[in-house]
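**Q** So in my numbering, the last spot in the sequence shown is 123, and the numbers never skip.
Some hints could be false.
Stated by the list, open to error - Between beta-carbon pairs, the in silico distance windows are:
| # | residue 1 | residue 2 | range |
| --- | --- | --- | --- |
| 1 | F121 | Y0 | 34 to 44 Å |
| 2 | Y0 | R57 | 46 to 56 Å |
| 3 | T50 | K19 | 40 to 50 Å |
| 4 | T50 | N71 | 19 to 29 Å |
| 5 | N63 | I21 | 17 to 27 Å |
| 6 | N94 | K45 | 15 to 25 Å |
Treat the hints as calculated values from the structure; they're not laboratory data. Heads up, the beta-carbon is just placed ideally off N, CA and C, and yes, glycines get one too.
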Amino acid sequence: MVRLKKNMMKEYQVLQRLQDLNAEKCQFRKKSIKFLGHILSADGICPDPTKREAIKKMSQPTNITELKRFLGMVNFFRKFVPNLADMAEPLHAMLKADTTCTWGPNQEKAFERIKESLCNTPELTLYDCKKIFEC
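With the hints as extra help, turn the sequences into a complete structure.
**A** Structure representation (structure tokens):
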């Protein structure tokens, strides 16, 4: 009887909380959802295709502010791009205060390589503890 009362109380709390939430922002029984620039599903997580497309369409930065914006946007999705820090080194070198680095072939190559890597990244799958883990 005590367990039944506790369960009923928990159900009431859940229903009360759902009533307080903005129903228009809630999504139920979806196979996947957009959340903070990502697509989340039972299979895993990947960058939102609209964000990928925005990065793909970005033109070459023409000043430091645009370069910082690009690096910030790409860094948000760093978990999807292996060795991002190494790829972005020519771009980060331009941000150092004591250098007079100009946009050259190394920066262009890094810029295009990062965009390509992010646009072709696979979905990151969730860990399945029932499967055998191999190194």
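**Q** F121 and Y0, beta-carbon distance inside 34 to 44 Å?
**A** With Cβ atoms ~41 Å apart, the hint holds.
**Q** With respect to the beta-carbon atoms only, verify the hint that T50 and K19 lie 40 to 50 Å apart.
**A** Given about 41 Å between the Cβ atoms, the range holds.
**Q** Between T50 and N71, is the Cβ distance one that fits in 19 to 29 Å?
**A** 26 Å, holds
**Q** Regarding N63 and I21, is the given constraint of 17 to 27 Å on their beta-carbon distance met?
**A** 23 Å, holds
**Q** Return holds or violated for the Cβ distance of Y0 and R57 against the range 46 to 56 Å.
**A** This hint holds: roughly 47 Å between Cβ atoms.
**Q** Is the gap between the beta carbons of N94 and K45 within 15 to 25 Å?
**A** With Cβ atoms ~22 Å apart, the hint holds.
Taken one by one, the earlier hints all hold for this structure without exception.
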